[in-house]
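Chain A is already provided as a structure; the job is to place chain B on it using the hints.
Number of protein chains: 2
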Amino acid sequence: MGEDDQRRGGRRGDADATRQALLDAASVLFAERGYERTTVRAIAARAGANQALLFRYFGSKRALFGEVMARNGRQRLLATEPERLLEVALRGLLPDDEDGPCDRSLEAFLRSAGSTDEVGAAGRLLGEEYARALGTLSDADDAALRADLVLAWLLGIGLTRVVVRKEPLAGAVPDDICALVLPAARSLLEGLAPPARPER
Amino acid sequence: MGEDDQRRGGRRGDADATRQALLDAASVLFAERGYERTTVRAIAARAGANQALLFRYFGSKRALFGEVMARNGRQRLLATEPERLLEVALRGLLPDDEDGPCDRSLEAFLRSAGSTDEVGAAGRLLGEEYARALGTLSDADDAALRADLVLAWLLGIGLTRVVVRKEPLAGAVPDDICALVLPAARSLLEGLAPPARPER
Chain A
1 MGEDDQRRGG RRGDADATRQ ALLDAASVLF AERGYERTTV RAIAARAGAN
51 QALLFRYFGS KRALFGEVMA RNGRQRLLAT EPERLLEVAL RGLLPDDEDG
101 PCDRSLEAFL RSAGSTDEVG AAGRLLGEEY ARALGTLSDA DDAALRADLV
151 LAWLLGIGLT RVVVRKEPLA GAVPDDICAL VLPAARSLLE GLAPPARPER
Chain B
1 MGEDDQRRGG RRGDADATRQ ALLDAASVLF AERGYERTTV RAIAARAGAN
51 QALLFRYFGS KRALFGEVMA RNGRQRLLAT EPERLLEVAL RGLLPDDEDG
101 PCDRSLEAFL RSAGSTDEVG AAGRLLGEEY ARALGTLSDA DDAALRADLV
151 LAWLLGIGLT RVVVRKEPLA GAVPDDICAL VLPAARSLLE GLAPPARPER
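So the sequence lines, in the order shown, correspond to chains A and B.
Oh and the first sequence: position 68 is 68 in full-length UniProt numbering, straight run, nothing missing.
Oh and the second sequence: position 142 is 142 in full-length UniProt numbering, straight run, nothing missing.
Just chain A, with the same shape it has in the complex (with noise of 0.2 Å):
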């Protein structure tokens, strides 16, 4: 289909239709190459769509990159009950394979936290979107706030694991982090005091 075509027969539903196409393809390509191996032409191909639409749609790489990450989030997001939110949440950012593909396009997301780009724009954006949704776990006053406190901590903890690699949290187990920081973010989202000293 030329671009004559697109302009006067294509229907907003083909548009959709391409677009979702696109942010399918570029989601596994970015999680079995990363970031950089993925070409705008791969993505193109594997969607069956021309790299002048992904342009159109997405204006660049980094933020198709920047979309495809929000999305997944947001996937994640609707499919998780608020209770569980947290742990899934911290376990998306603790892959068990530290050498797995996925380990870049993290990589590249946390990199971008802050910066201005369009992939630090997406990153905030669903941000704002998990700290409601954490929000609502809360009934403290400061809720929203507590909601930040944890959702920095998550940050952290990536940050460290993937980019400054600090040992030992960088090569530590999921299990033993979730068992340490989930009982603590919880109790600081629900306003509950710190669990009492155990006999020892």
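Where hints are given, some of them may not hold.
[Stated by the list, open to error] Lysine-lysine pairs mimicking DSS-like chemistry, simulated, CA-CA at most 30 Å apart:
{"#": "1", "chain 1": "A", "residue 1": "Lys-166", "chain 2": "B", "residue 2": "Lys-61"}
{"#": "2", "chain 1": "B", "residue 1": "Lys-166", "chain 2": "A", "residue 2": "Lys-166"}
{"#": "3", "chain 1": "A", "residue 1": "Lys-61", "chain 2": "B", "residue 2": "Lys-166"}
What the hints contain is simulated information worked out from the structure, not anything from laboratory work.
For chain B alone, kept in the frame of chain A given last:
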């Protein structure tokens, strides 16, 4: 004093004194003007040294900045009992005046946290030292992991406030943040949480 005098007659003590004067001058100027607006020329002038010495001792402005941040952090570490270190480190991340001149230094430091350059390297080294000091507060088997998790939280809070600027955390009063974070972090460090420890 010319190059030849430096090589022949300069004593080790002179070099140390000049190095120290450059660090002192850089520390003041980075805090007053921020990283970008501080020139190598101004640092050398304030220290009464020449720019060639600055480059000889530190290699680059970025590397000097890394040394300044690491030195300030190390001085705070040495001057603080371990029991108070957590609060002192957290408050160090939370300048009361958010438009204060230190903010941009912290921002530059946090933006470099994951990079492989000298600033990132200084940050990682400092992180090791803080983690070791915090680890002494815990007698848990996994004290080092607990210390890393607490440091990751501080890193995430700093990033969220200074770089991402997410509200309400970015604008929250330091006392309010300390009131939420310190009990949770202390109970994590001291091994009070989680209450049910796996048998070993």
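Hint check:
1. Of the pairs offered as hints, the one joining Lys-166/A and Lys-61/B holds, with about 25 Å between alpha carbons and a cut-off of 30 Å not exceeded.
2. Taking the CA atoms of Lys-166/B and Lys-166/A, the gap is near 25 Å; set against the 30 Å cutoff, the hint holds.
3. Restraint check for Lys-61/A and Lys-166/B: satisfied, since their Cα atoms lie roughly 25 Å apart, inside the 30 Å limit.
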